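**Q** So you can see what is in the structure, the chains are spelled out below.
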Amino acid sequence: MEGRGSDAGRGPWALALRRLLRNRLAVVFLGVFLLIVVFVLAAPLWADEVAETGPNQEHTVEQITVDGEKKDVVTPEGKPIGPQWFGAGGKFFLGADGRLGRDEMVRLMYGGRTSLLVGISAALIATLVAIVLGLLAGYFRGWVDSVIARTLDTIWSLPVFLIGLSVGIALAVGGLKIGPLELSSGSLWNPILIISVFTVPYIARPIRGEVLALSEKEFVEAAVAQGAGPSRVMFGEILPNLASTVIVFFTLMIANSMLFEAGLSFLGAGVQPPNSSWGTMITVGVELLRIQPLLAILPGMMIMLTVLSLNIVGDALRDALDPRGKARLDAALQFEAQSGATRPVGEASLS
Amino acid sequence: MKKLGALIAVLVLAAVASIGLASCGGGDSADGGDGQKGGILNGTYASFPDFMDPALSYTAEGWSAMAEVYLSLLIYKHAGGEEGSEVVPGLAKEMPKISNGGKTYTLFLRPGLKYSDGTPVKASDFPYSLERMIQLNSPGAPFYLSIEGAEEFAKTKQGPIPGIKTDDKTGEIVINLEGPRGTFVNELGLMFVALLPKGTPIEDLSANPPPATGPYMITKSQPGKGWEYKRNPYWAKANGKAMPELPAGVIDGAKITVVRNDQAQVDDVERGIYDWMQNPPPSSRYAEVKENYEGSQFRVEPAISTYFFWMNTQEPPFDDVKVRQAVNYAVDSRALERIYAGQLVGSHQILPPGMPGHQEFDLYPYDIAKAQELIKEANPSDMDITVWTDSESPNNEAGEYFNEVLKDLGFNTTFKALNADNFATVIGNLSTPDLDAGWANWFQDYPHPNDFFQLLLAGESIQPTNNYNFSQFDDPAINKRITELGREQLGPEQEEAYHLLDEEIMELAPWAPFGTRTLSTFVSDEIDLDSVVFNPTFGHYLSSFEFK
Numbered sequence: 001m002e003g004r005g006s007d008a009g010r011g012p013w014a015l016a017l018r019r020l021l022r023n024r025l026a027v028v029f030l031g032v033f034l035l036i037v038v039f040v041l042a043a044p045l046w047a048d049e050v051a052e053t054g055p056n057q058e059h060t061v062e063q064i065t066v067d068g069e070k071k072d073v074v075t076p077e078g079k080p081i082g083p084q085w086f087g088a089g090g091k092f093f094l095g096a097d098g099r100l101g102r103d104e105m106v107r108l109m110y111g112g113r114t115s116l117l118v119g120i121s122a123a124l125i126a127t128l129v130a131i132v133l134g135l136l137a138g139y140f141r142g143w144v145d146s147v148i149a150r151t152l153d154t155i156w157s158l159p160v161f162l163i164g165l166s167v168g169i170a171l172a173v174g175g176l177k178i179g180p181l182e183l184s185s186g187s188l189w190n191p192i193l194i195i196s197v198f199t200v201p202y203i204a205r206p207i208r209g210e211v212l213a214l215s216e217k218e219f220v221e222a223a224v225a226q227g228a229g230p231s232r233v234m235f236g237e238i239l240p241n242l243a244s245t246v247i248v249f250f251t252l253m254i255a256n257s258m259l260f261e262a263g264l265s266f267l268g269a270g271v272q273p274p275n276s277s278w279g280t281m282i283t284v285g286v287e288l289l290r291i292q293p294l295l296a297i298l299p300g301m302m303i304m305l306t307v308l309s310l311n312i313v314g315d316a317l318r319d320a321l322d323p324r325g326k327a328r329l330d331a332a333l334q335f336e337a338q339s340g341a342t343r344p345v346g347e348a349s350l351s
Numbered sequence: 352m353k354k355l356g357a358l359i360a361v362l363v364l365a366a367v368a369s370i371g372l373a374s375c376g377g378g379d380s381a382d383g384g385d386g387q388k389g390g391i392l393n394g395t396y397a398s399f400p401d402f403m404d405p406a407l408s409y410t411a412e413g414w415s416a417m418a419e420v421y422l423s424l425l426i427y428k429h430a431g432g433e434e435g436s437e438v439v440p441g442l443a444k445e446m447p448k449i450s451n452g453g454k455t456y457t458l459f460l461r462p463g464l465k466y467s468d469g470t471p472v473k474a475s476d477f478p479y480s481l482e483r484m485i486q487l488n489s490p491g492a493p494f495y496l497s498i499e500g501a502e503e504f505a506k507t508k509q510g511p512i513p514g515i516k517t518d519d520k521t522g523e524i525v526i527n528l529e530g531p532r533g534t535f536v537n538e539l540g541l542m543f544v545a546l547l548p549k550g551t552p553i554e555d556l557s558a559n560p561p562p563a564t565g566p567y568m569i570t571k572s573q574p575g576k577g578w579e580y581k582r583n584p585y586w587a588k589a590n591g592k593a594m595p596e597l598p599a600g601v602i603d604g605a606k607i608t609v610v611r612n613d614q615a616q617v618d619d620v621e622r623g624i625y626d627w628m629q630n631p632p633p634s635s636r637y638a639e640v641k642e643n644y645e646g647s648q649f650r651v652e653p654a655i656s657t658y659f660f661w662m663n664t665q666e667p668p669f670d671d672v673k674v675r676q677a678v679n680y681a682v683d684s685r686a687l688e689r690i691y692a693g694q695l696v697g698s699h700q701i702l703p704p705g706m707p708g709h710q711e712f713d714l715y716p717y718d719i720a721k722a723q724e725l726i727k728e729a730n731p732s733d734m735d736i737t738v739w740t741d742s743e744s745p746n747n748e749a750g751e752y753f754n755e756v757l758k759d760l761g762f763n764t765t766f767k768a769l770n771a772d773n774f775a776t777v778i779g780n781l782s783t784p785d786l787d788a789g790w791a792n793w794f795q796d797y798p799h800p801n802d803f804f805q806l807l808l809a810g811e812s813i814q815p816t817n818n819y820n821f822s823q824f825d826d827p828a829i830n831k832r833i834t835e836l837g838r839e840q841l842g843p844e845q846e847e848a849y850h851l852l853d854e855e856i857m858e859l860a861p862w863a864p865f866g867t868r869t870l871s872t873f874v875s876d877e878i879d880l881d882s883v884v885f886n887p888t889f890g891h892y893l894s895s896f897e898f899k
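Protein chains in written order, with this note's numbering: chain A, 1 to 351; chain B, 352 to 899.
Quick caveat, the hints were computed from the structure, so don't treat them as lab data.
For clarity, every value in this text was computed on a predicted model and none was experimentally measured.
Beta carbons: idealized from backbone N, C-alpha and C, even for Gly.
Keep in mind that the hints are not guaranteed to be accurate.
Claimed, not checked - Below, in silico cross-link-like pairs of lysine-lysine (DSS-like), each with a Cα-Cα straight-line distance of 30 Å or less: (1) Lys516/B / Lys592/B; (2) Lys571/B / Lys520/B; (3) Lys758/B / Lys71/A; (4) Lys388/B / Lys70/A; (5) Lys70/A / Lys721/B; (6) Lys549/B / Lys428/B; (7) Lys177/A / Lys758/B; (8) Lys506/B / Lys454/B; (9) Lys71/A / Lys721/B; (10) Lys71/A / Lys388/B; (11) Lys428/B / Lys448/B; (12) Lys388/B / Lys641/B; (13) Lys454/B / Lys70/A.
To be verified - Ranges of calculated distance between the beta carbons of each label pair, as one might list FRET restraints: (14) Leu308/A / Glu645/B: 43 to 49 Å; (15) Thr75/A / Pro552/B: 49 to 55 Å; (16) Thr75/A / Pro704/B: 41 to 47 Å; (17) Thr75/A / Glu711/B: 21 to 27 Å; (18) Thr75/A / Gln710/B: 30 to 36 Å; (19) Asp759/B / Gly174/A: 23 to 29 Å; (20) Gly810/B / Leu305/A: 53 to 59 Å; (21) Asp555/B / Leu158/A: 29 to 35 Å; (22) Glu847/B / Ile291/A: 43 to 49 Å; (23) Thr75/A / Thr776/B: 33 to 39 Å; (24) Thr75/A / Glu728/B: 32 to 38 Å.
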């Protein structure tokens, strides 16, 4: 085991990585997340080589041979075939997704790509917008800060899910056309944009707070004294110091966005059929809960595992990148315990 | 991450709630019957009717809910099957005397009739009710615009309509039409022209339904939640005596609760929490319910309906008959029977079984090779198609199936699934962009084939809003045939002509019809299934329910 002295001379990123790797739970869940990514990236391979069908290809009236016996993919009464594992050479490994007779395994893999794509894209857009807004508000202060902060407050005060649902349904019907920006009704960009808009405040506000503190620091004053303009100070001096916060938020926002997407899709306002996402698959599965419970449980479990992994990794990243924050939290917990407080202090909330 | 926590909580709660709803259901238990007679029926609908006002409702739910509350001069026979398609006298003493070359209808009101508030029913209530219906812009108004002066009244909303003359003393009602109309007897039997007392407010009365003439009256209506019935006190005193052939009903009343979760409805009927569910069980439970309860608590009811995919004949690529025929060859009714989980019988024609004029034929047996060949021949210039469907299961899956069929034929599709509540409004508005093709269905308003041809396939029915000619099909020769046949009284000759019209239109393939839907009766073990009457036009008759 290496002693603490061995950290001497290492850079802050290397130290953070060491601290992250020491968190075994985080490493395990990072592994789980990477497995999920590999699983969804392998979708075309499984679809072409094993299942020999696409995610939207219907097999309603077809039959497959399972261990030498012919079986309906969907019975005349509308019951989809259950998991066949490798009984049909990997075809309908997890059964059919419903009365349209699509391969559940293939849709689960492709649905995961959609869910991850929406989650990562929405988190990326929200983070980029939040960085710009946080920097502007925190650096310029005054009326710029007021306008941005109040706008963020307004978005924050809205019933996010209800508004997201209404906008989602409107976009799902009519698409979006604002100037040169044109999105068709079934475009994946619709849920991505909705989720981005509503998650910006969750990142922009803490970033603004951090920029307010950083802009008082000596290195910022020195840069200003050397004649650096606002852009250079904000993006050249302050932004690099926000890196750890941004990375942590980005990770957690992916999980948040995936949950948001699942909720919107479940209610018909997110990813539009025939495309699948884990949220839309739960919708189909709930209807068939009694006869094929796996159809709802599997995508639900995939969402849970992905979100849990990202949350644990995000928390570990925060601890690794800001050890003083962790020390402060540990001290607070110890103090609470010693002072006999009955209410436990939870994890420090990043939002 | 408070928000994240909240979202997880929402997801968990939603899962718990859905499982809870599926297992618990809701509603009060039935009061129970006292043997053969009496009792309060505890029923459930999956949705509240569009309107609880006879002048406005144009849905199966509304018609079923009000069939024995608001009577018209003519009504449909209180029976199921073909017998229930017969128009018989209602508030009128007898069937109308038709004279003047089919243009004048003379009826007499039965004497001594009263509304449930004690107000006497008068002949002059008929024009008042009809004018009120037109003033409210009811979807039923077009059925009656052939009455002299009615079209002008619809425009100006200034009355009276000169084509109707009444005499309150004798109860005589004379209706003069602009021209003969073979369907007018059927239309007089619809609820749109049920009689209401003069002075009934000219507004939607869904929350405060007007007085009744039937054996039951609605005593409480809470839109979105439910409603209650009690016996009409003037049925026993007056109307029942004047209309002895109409059943008075066995139960004393009913309490209807809207339960939007159809899985919970099935559970609750199984457990006896509700005595009856008006809508069919969900597709995912249909086979189970049928297997477990058919004959004792469950019965399949034929519904006179056609389910179809429409194609916009005015725009490429579906302005080419070969493309439309190709789609017909590519649609496989067997797949749709499975999608509808045994609640649909495949068919490839406009008129459904049970409708006069129906004779089975199939011009387009499933043949994907033939379909691809036709597409190749047609070589359509526009391959981008928007496919519309409603989001209610299994209609959404039928729409998805159609979407894939079009993709298999080489089209680039955009799929739009709209909420069932506003689906017809959106696709019926011609200003909606990209109305290329989609799913639709039609249940008969009355047992006359013109009900399928006039509104859905005649060129003159194409209108900017509330359009039901979704294919925007406008063929002059077909239009002429529809108009001519519509003027004639229905008989064997006309039925044969309607059959030929069906074939002729299917050759032009504005639709790809794929089946006819069955509905069902599902009751608790407290109810005598054999007593329940399901009418093809008005659904379940309240008066027919009996506790065991």
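**Q** Should the hint that Thr75/A and Gln710/B are 30 to 36 Å apart at their CB atoms be regarded as holding?
**A** 31 Å, holds
**Q** Is Lys516/B within 30 Å of Lys592/B, Cα to Cα?
**A** Measuring from Cα to Cα gives roughly 27 Å; hence the hint holds.
**Q** Taking 29 to 35 Å as the stated bounds, is the beta-carbon spacing between Asp555/B and Leu158/A within them?
**A** 32 Å, holds
**Q** Using the Cβ atoms, figure out if Thr75/A sits within 41 to 47 Å of Pro704/B.
**A** 24 Å, violated
**Q** Does the structure keep Lys571/B and Lys520/B at a Cα separation of 30 Å or less?
**A** 34 Å, violated
**Q** Can you tell me whether the CB distance of Thr75/A to Glu711/B sits inside 21 to 27 Å?
**A** 25 Å, holds
**Q** When you check the alpha-carbon spacing of Lys388/B and Lys641/B, does it fall within 30 Å?
**A** 28 Å, holds
**Q** Taking 30 Å as the top limit, are the C-alpha atoms of Lys758/B and Lys71/A close enough?
**A** 26 Å, holds
**Q** Between Lys177/A and Lys758/B, is the straight-line Cα distance small enough, at 30 Å or below?
**A** 26 Å, holds
**Q** A range of 53 to 59 Å was offered for this pair. Does it hold for the Cβ distance of Gly810/B and Leu305/A?
**A** For Leu305/A against Gly810/B, whose Cβ atoms are near 57 Å apart, the range 53 to 59 Å holds.
**Q** Take a quick look at whether Lys506/B and Lys454/B sit within 30 Å of each other, Cα to Cα.
**A** 22 Å, holds
**Q** Quick one: are Thr75/A and Thr776/B within 33 to 39 Å, going by C-beta?
**A** Roughly 36 Å apart at Cβ, these two residues keep to the hinted range, so it holds.
Going through the hint list in order, the structure does not satisfy hints 2, 4, 10, 13 and 16.
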